Amino acid sequence: MNISDLPVGAAFTVRKVRSGREVGKRLVDMGFTEGASGRLLRKAFLSGPLQVEIRGYDVIIRRSEAAMIEVAEDDQGAGDARTA
Amino acid sequence: MPVLLETRAATVKIALAGNPNAGKTSLFNALTGAHHKVGNYPGVTIEKREGERRRDGRTYRFVDLPGIYSLTAYSLDEVVTRDCLLDEPPDLIIDVLDSTNLERHLFLCLQFQELGIPVIGALNMSDEAKARGIEIDERGLGRLLGIPVTSTIATSGQGIDGLLDLVDESLARLGTDTRRLDYGSEIEALIAPLERAIEANSSFAEKYPSRWLAVKLIEKDENAFERLAEHPEADSIRALARRASEWIGRHFGKDAEIVISEQRYAYIHGACSESVRRKFRPAPTPSERIDGIVMHPLLSLPIFALVLWGIFELTFSVGKWPMAWIETFFRWLSSLAAAFLPAGPLHSLVIDGVLAGVGSVLSFVPLIIILFFLLSVLEDTGYLSRAAFATDRLLHGFGLHGQSIFPLMLGFGCSVPAIMAARTLKSPRDRILTVLVIPFMSCGAKLPVHVLFAAAFFPKNPALAVMVVYAAGAIVALAAALVLRRTILKGEPTPFVMELPPWRAPTLRGLLWHVGEKTTTYAKKAGTVILAASILIWAITSFPAYSPKAGEREALAAAWSGAHPGASQAAIDAALSTELAARGLSGSIAGSFGHLVEPLIRPLGLDWKVGVATVTGFAAKEVVVSTLGILYGVGSDQGGSASLRERIAADPSWSPLTAITLMLFILLIPPCFAAMATMRAELGWGWLAFSIGFQLAVGWLAGFAVFQIGSALGFA
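As you go down the protein sequences, you meet chains A and B in turn.
The opening residue of the first sequence carries number 1 in the numbering used here; numbering runs sequentially from there.
The opening residue of the second sequence carries number 1001 in the numbering used here; numbering runs sequentially from there.
Just so you know, these hints were derived from the structure itself, not from any lab.
Only a predicted model underlies this, so the values are computations on that prediction, with no experimental measurement involved.
Treat the hints with care, as some may be off.
What the hints assert, rightly or not - To be clear about the criterion: a stretch of chain B counts as covered by chain A if any three or more of its residues have a C-beta under 8 angstroms from a C-beta of chain A, and this derived list gives those stretches: (1) 1061 to 1073; (2) 1246 to 1259; (3) 1391 to 1404; (4) 1490 to 1499.
What the hints assert, rightly or not - In silico SDA-like pairs for lysine to any residue, Cα to Cα no more than 25 angstroms straight-line: (5) K1279(B) <-> M1(A); (6) K1254(B) <-> M1(A); (7) K1490(B) <-> E22(A); (8) K16(A) <-> E1492(B); (9) K1320(B) <-> F1618(B); (10) K43(A) <-> E1492(B); (11) K1279(B) <-> T13(A); (12) K1048(B) <-> S1427(B); (13) K43(A) <-> W1503(B); (14) K1490(B) <-> G35(A); (15) K1460(B) <-> G1710(B).
For each residue, glycine too, the CB sits at the ideal point set by N, CA and C.
Model the full assembly from the supplied sequences, consistent with the hints where possible.
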């Protein structure tokens, strides 16, 4: 699954960033590395961009970029990423 | 490679670098005080700030590099930073780090370390970190990374002396710390032979840090390969690097450039988990609560519209006062000049050319100051990123970017600050695209033209007619973006990966700094060109000088008073001078040009008068109205526009259809010289030339289509 499949508020762990040359590298450089934990904070209306927390800061990505990031949803209560 | 310094060099060159939103500019201001100068990096419009500070007999020269996330060149800012560090390496880099967000900020820091330039870290916003319960063991972190760090609070100037002490200390024991990022034994085994191969040529290794280049080659960085071409053994090194990347790809099951970044993060994470402690978990911050409203899926767009409306209201309602003062001042100056200069070409040049030109440049300055002040508030608080979040979906459909929204909207006010505001777009392609379509947004100076024709031909509902023209402009802008994006600005969509910084209170100092910088840039760059253009327009409307033939004056006066029996002498004189002005303009170069282009705009239902007004309108779009005033013989004075409206309405060559055509034509053809000059400054001559051609084509085609289709439907 990727980030846009998650419900708002869900915590996740990054499994893999599918290569997309520039996009993929950029996402990894911004902190979406394997094993990094984050949280989906907000979805803009009508398939607009997503607000995602990763490595303790917030980033906005489009759904097309989110599709490059394979994640696993963390169990409920497994840790609030905001304060992890 | 940095030259080994004497125990204490008198002058040290320091680059200030770091991620965006780390408080880099604040730290630069705190370090340099008022001693700075602003220039541009060669060939690009990214501002280059330089400044210095003296302490204990030592001069610290600072250069403020653009804020970036990585040294892989995705954006112009990254290219500038990389080239600056490689081609004119400083003695030391101060990396400004956000203490609340250390891992990502260190990601860049370690790439600086690889460049072989000494790096120290300023743990900035340490107060914010403390408030959030983050405790950093500075010594421990510095030791683990091989990068000395010290905490600072740039906004209040705390920690500056400590930072300078650290600079001295680091320069004194240069080269003693050899710690560096470890990519793990497997990857290190691939880097080592590459490094050796690069170092085999000493003059090349002198120029480029071998380890940095080796890693970049494995990362398949295009620029690294370009630089490698200078190496005599470039081919074999290239092959070696390629094999290394392929091996990593196979072994790790993902691309080498991703593995390298992941290794960096893993290393950083290790160092941070040993030296950064979270003492408590903070409650939801006010920032998050504000976002709950401002970024709400349903509220975000209405809030954005409200903010936009507020900016326009404030800018134009507050700005009209100083604008009027400046205009009054220049009228006074003109009358003063008129009193001293004898009538003749010099008189005319000074008053109608120079003073009118300078006056029009300066009258824009208040708008620019206010607009940029408000825009800086939005940028510094973090609202611009939220607006991009709200509008990206809409704009993305047209090949634009969420961050294009503000420049576009500012275009309704004035294209000059709007084009400058497009600097907030980081990708060159998005920026070019945005700048190219900004002039289609109907600017404030075009409003008098719309109002004149709407009132003359749509007396029942002039506001609706003006609205239609504005909407048409916005639609053309979006359509043009879509077309350009599919043709000359083709390419994969730019990734939209944008940091969302927490809300922050802007500092007055930072705001004034932004505003001062932008205003002087405008006054300098656009100013000179507008002045030259105004003189040019003056020249082509004044020459060849027109002097009535013997008896022409009397004949005209007699004819006019015959047609208006009982008119006073003053009225006859006024009518005579307007008529003479019209004849003069018609016979001038501009008039001849109007006649010359008439065949071109005939298919649009427009005549030579519009041709002349089009030309003079390049000085400023309001001038279209005053030129038509002269040509319709009503004078260009303030009271003229009511009678101009009547004249135009009564002229059988006009109809509601031609009026709409003219409004569209004036809206869509190239903007005034001020906007063109700004476009040249931002994008260069090539894009300016393209834009002029493109807008002429769009303006003509739109006018042609509307007039011909309208005529065919019987609206003429």
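TODO: For the pair supplied as a hint, K1490(B) and G35(A), confirm whether the alpha-carbon distance does not exceed 25 angstroms.
DONE: 35 angstroms, violated
Open item on the list: Please verify whether K43(A) and E1492(B) have alpha carbons no more than 25 angstroms apart.
Closed with: Given that 25 angstroms is the threshold and the Cα spacing comes to 23 angstroms, the pair holds.
Task: Pair hint outcome, K1460(B) versus G1710(B) [Cα-Cα no greater than 25 angstroms] - done: 20 angstroms, holds
Open item on the list: For the segment 1061 to 1073 of chain B, count the residues whose Cβ lies under 8 angstroms from any Cβ of chain A; is that count three or more?
Closed with: Since three or more residues must qualify, the claim that chain A covers the segment 1061 to 1073 of chain B holds, with 3 doing so at under 8 angstroms.
Task: K1279(B) paired with T13(A) [C-alpha distance capped at 25 angstroms] - done: 23 angstroms, holds
Task: 25 angstroms Cα cutoff - pair K1320(B), F1618(B) - done: The given pair, whose Cα atoms are some 22 angstroms apart, holds under the 25 angstroms limit.
Task: Outcome, coverage hint (the segment 1490 to 1499 of chain B, chain A; C-beta under 8 angstroms; three residues) - done: Answer holds; 7 residues pass the 8 angstroms Cβ test.
- [ ] Please work out if K1048(B) and S1427(B) have their alpha carbons no farther apart than 25 angstroms.
- [x] 18 angstroms, holds
TODO: Examine the segment 1391 to 1404 of chain B for residues whose CB is less than 8 angstroms from any CB of chain A, and state whether their number is three or more.
DONE: This one holds; 4 residues, not fewer than the three required, reach chain A with a Cβ under 8 angstroms.
Task: Agreement of K16(A) and E1492(B) with the hint, judged by alpha carbon distance not exceeding 25 angstroms - done: 22 angstroms, holds
Open item on the list: Cut-off 8 angstroms, C-beta pairs, minimum 3 residues; does the coverage of the segment 1246 to 1259 of chain B by chain A stand?
Closed with: holds (count 4)
Open item on the list: So if I understand the rule, the pair passes when the alpha-carbon distance is 25 angstroms or less; does K1254(B) with M1(A) pass?
Closed with: The hint holds at about 18 angstroms.
Violation of the numbered hints given earlier is confined to hints 5, 14; the remaining hints are satisfied by the structure.
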